[in-house]
Amino acid sequence: MHLPEFNYYEPHSLDEAVECLNEGQRGAVVAGGTDLVVALKQRLQKPGFLLSLDKIPSLKGIKSSNEFLSLGAMTTLEEIIKSSLIKERFPALSKAAREVGSPLLRNIATIGGNICLNSRCRFYNQSAFWRSANDLCYKAGGITCHVTKRKNYCASTFCADIPPVLLAYGAVVKLVGPQGERTIMLKDFYTGEGRFPNEIMAGSREILTEVTIPFPPAELKSTYYKFRLRDSIDFPLIGVAVAFEADEKGRCKGIRLVFTGVGSGPFEFRHAGEMLSGSELKEELVAQVAERAAGEIHPLKTDLISPRYKREVAKVIIKEAIMEAGGGR
Amino acid sequence: MMMKKNIHLEINGEIKDLTVDVNRTLLEVLREDLNLTGTKKGCNQGECGACTVLLDGKPVSSCSLLAVKADGKSIFTVEGLAPEGQLHPIQQTFNEKGAIQCGFCTPGMILVTKQLLDSNPSPDEQEIKEAISGNICRCTGYVQIIDAIKALSDVTKK
Ligand SMILES: Cc1cc2nc3c(=O)[nH]c(=O)nc-3n(C[C@H](O)[C@H](O)[C@H](O)COP(=O)(O)OP(=O)(O)OC[C@H]3O[C@@H](n4cnc5c(N)ncnc54)[C@H](O)[C@@H]3O)c2cc1C
Ligand code: SF4
Ligand code: FES
Ligand code: FES
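So the protein sequences, as listed, match chains A and B.
Counting with our numbering, you get residues 1 to 329 for the letters of the first sequence.
Counting with our numbering, you get residues 1001 to 1158 for the letters of the second sequence.
Keep in mind that the hints were calculated from the coordinates and are not lab data.
Please note that the accuracy of each hint is not assured.
[What the hints assert, rightly or not] Okay, the calculated bits of chain B under chain A, using three or more residues with CB under 8 Å as the criterion:
no., segment
1, 1002-1010
2, 1030-1043
3, 1055-1061
4, 1066-1073
5, 1087-1101
6, 1140-1154
[Unchecked claim] Under the rule of at most 30 Å between Cα atoms (straight-line distance), these lysine-lysine pairs were calculated in the DSSO-like manner:
no., chain 1, residue 1, chain 2, residue 2
7, A, Lys41, B, Lys1004
8, B, Lys1058, B, Lys1150
9, B, Lys1041, A, Lys221
10, B, Lys1073, A, Lys60
11, B, Lys1073, A, Lys82
12, B, Lys1150, A, Lys60
13, B, Lys1004, A, Lys82
14, B, Lys1097, A, Lys55
15, A, Lys174, A, Lys82
16, B, Lys1073, A, Lys95
17, A, Lys82, A, Lys63
18, A, Lys41, A, Lys221
19, A, Lys41, B, Lys1041
20, B, Lys1058, B, Lys1016
21, A, Lys82, B, Lys1114
22, A, Lys82, B, Lys1129
23, A, Lys87, A, Lys301
24, A, Lys149, A, Lys253
25, B, Lys1150, A, Lys41
26, A, Lys301, A, Lys315
27, B, Lys1016, B, Lys1097
28, B, Lys1073, B, Lys1097
29, B, Lys1073, A, Lys87
30, A, Lys55, B, Lys1005
31, B, Lys1016, A, Lys55
32, A, Lys63, A, Lys149
33, B, Lys1058, A, Lys82
34, B, Lys1129, A, Lys221
35, B, Lys1041, A, Lys55
36, A, Lys221, A, Lys249
37, A, Lys60, B, Lys1004
38, B, Lys1150, A, Lys87
39, B, Lys1129, A, Lys55
40, A, Lys63, B, Lys1058
For each residue, glycine too, the CB sits at the ideal point set by N, CA and C.
For reference, chain A alone in the conformation it holds in the complex:
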């Protein structure tokens, strides 16, 4: 399958890029292209032009100050994995980056592309030929969703690996567009809608330029657990990021649990803190948290495993992830 026709622009500055995005026809930003090129081959998108961010130097690289770590949108996942600073201070970020796709993809895939990744569904992420054997579903331009049978509704699943980790660390992102620059909490970037999962896909004509995370206190422990069918080259069926802070006696002071693969956006389970706060991480208590969190996720059959099975898996990985972050394992 060849790529459709499009024009290709490679601006050398952000100003030029923003101007370009806002001229007439609808285009798409291309970062590494590991996801977009496949989507174009499958005719899931038909942009009039691609806007490459390759030649804009300010979007590259990892910077740190006393308080913050900033990653340019074009930082590759390989660069993240190689960074000893990230490995030491943000181990869950390092781990999640290592779990994306395969080395062949991580050498070109970017953090910006991972944050902006479209949601996925077994009826949508298929060739044009495959899709034509069915009525087109809502996300593909039709009316009815094949998963939920609802009209004008899409439940496709957000399954990027890195955003849950960034959310657990409290990340903010910088967006630049026709109205200038804005910095928002990463959680506000996501719409929770399957068809247009983030602000940019919903049409804001912006470019994500940078993601920034505060350096956590030394006591904060974090990890990321991913479940998938193959150990490599596979999206998460479910993934969970944990950031856990203990007091000097090892009792829980604060905890964040953020999921991917369970709905149309990243999902934070907000009751872990109240259930664990002030307690030591005893296996039984952690199992209760896992049980309750698994009860609050509502996966649909947008991938190859059943929602029920996914919930069972959730219980196991949530427990293991919390125990590991808490030093219990």
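Go by the hints and put chain B with the ligands onto chain A.
Relative to chain A, chain B with the ligands alone:
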């Protein structure tokens, strides 16, 4: 009319100036314009690694890389390994160890092996498995491939 772009790149040590349609992948340009058909087209969607080339020394899937994005970079394909009629030690060892059956994954496997050994001459088994984790082989079951790479590592050679 399809938009075209001039790109300047190095392929297996040779400098090339090419004019390419902006919607062609590096894989298409290598195979169709330059006749470098050692790089294979498998899934054509980033999943199998048959199309692996080294881009500035790092293995990437060329089916998912727009050719225009290779502008200014160096590309190394399996054809660059050894002169016509000769075998590189990696090719020789893959042969001897039965790490090749149908051969479709082989150019990709060999290039990731080259990159691995260039950066880490004595990888352990885990490092070998990680290095080939983006390359799918439907014939060998990987065991012979891992054996071949082990045989090539400095530890074994000593
Ligand atoms: C076989 C295969 C396996 C994969 N496995 C995984 C996996 O396990 N986990 C996972 O998370 N992902 C996976 N991916 C998806 C993808 O490779 C990664 O998410 C990658 O990080 C995307 O980055 P990119 O730079 O290649 O994005 P691109 O493909 O360039 O872009 C992705 C999307 O984001 C938009 N975009 C990119 N950058 C910006 C920006 N700076 N501003 C605005 N919009 C932007 C693009 O317009 C596009 O819609 C897989 C892909 C393939 C083909
Ligand atoms: S969830 Fe429904 S509308 Fe969305 S991609 Fe899947 S089938 Fe289509
Ligand atoms: S052909 Fe490129 S990864 Fe399969
Ligand atoms: S030898 Fe046939 S795919 Fe590997």
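Consistency of the hints with the structure:
1. 1002-1010: Contact hint for the segment 1002-1010 of chain B vs chain A: holds, 3 residues under 8 Å.
2. 1030-1043: Not satisfied, violated; 0 residues make the cut.
3. 1055-1061: n = 5 at 8 Å, threshold three: holds.
4. 1066-1073: holds (count 3)
5. 1087-1101: It is violated, with 0 qualifying residues against the three required.
6. 1140-1154: Coverage by chain A is violated for the segment 1140-1154 of chain B (0 residues, Cβ < 8 Å).
7. A:Lys41 <-> B:Lys1004: 19 Å, holds
8. B:Lys1058 <-> B:Lys1150: Holds: Lys1058 of chain B and Lys1150 of chain B sit about 20 Å apart, inside 30 Å.
9. B:Lys1041 <-> A:Lys221: With a Cα-Cα distance of about 43 Å, the restraint between Lys1041 of chain B and Lys221 of chain A is violated, given a limit of 30 Å.
10. B:Lys1073 <-> A:Lys60: 17 Å, holds
11. B:Lys1073 <-> A:Lys82: OK: Lys1073 of chain B and Lys82 of chain A at ~21 Å, within 30 Å.
12. B:Lys1150 <-> A:Lys60: 36 Å, violated
13. B:Lys1004 <-> A:Lys82: It is violated: about 35 Å lies between the C-alpha atoms, which goes past 30 Å.
14. B:Lys1097 <-> A:Lys55: 44 Å, violated
15. A:Lys174 <-> A:Lys82: Status holds; Cα separation ~24 Å.
16. B:Lys1073 <-> A:Lys95: 29 Å, holds
17. A:Lys82 <-> A:Lys63: 14 Å, holds
18. A:Lys41 <-> A:Lys221: 41 Å, violated
19. A:Lys41 <-> B:Lys1041: This hinted pair holds, its Cα atoms lying about 14 Å apart.
20. B:Lys1058 <-> B:Lys1016: Roughly 19 Å between the alpha carbons, so the hint for Lys1058 of chain B and Lys1016 of chain B holds.
21. A:Lys82 <-> B:Lys1114: 19 Å, holds
22. A:Lys82 <-> B:Lys1129: 18 Å, holds
23. A:Lys87 <-> A:Lys301: 35 Å, violated
24. A:Lys149 <-> A:Lys253: 44 Å, violated
25. B:Lys1150 <-> A:Lys41: 38 Å, violated
26. A:Lys301 <-> A:Lys315: 18 Å, holds
27. B:Lys1016 <-> B:Lys1097: Violated: Lys1016 of chain B and Lys1097 of chain B sit about 36 Å apart, past 30 Å.
28. B:Lys1073 <-> B:Lys1097: 34 Å, violated
29. B:Lys1073 <-> A:Lys87: The hint holds at about 29 Å.
30. A:Lys55 <-> B:Lys1005: 15 Å, holds
31. B:Lys1016 <-> A:Lys55: Holds, at about 20 Å.
32. A:Lys63 <-> A:Lys149: 47 Å, violated
33. B:Lys1058 <-> A:Lys82: 13 Å, holds
34. B:Lys1129 <-> A:Lys221: 28 Å, holds
35. B:Lys1041 <-> A:Lys55: 28 Å, holds
36. A:Lys221 <-> A:Lys249: 15 Å, holds
37. A:Lys60 <-> B:Lys1004: Answer holds: Lys60 of chain A to Lys1004 of chain B is near 26 Å, not above 30 Å.
38. B:Lys1150 <-> A:Lys87: 28 Å, holds
39. B:Lys1129 <-> A:Lys55: 34 Å, violated
40. A:Lys63 <-> B:Lys1058: This hinted pair holds, its Cα atoms lying about 23 Å apart.
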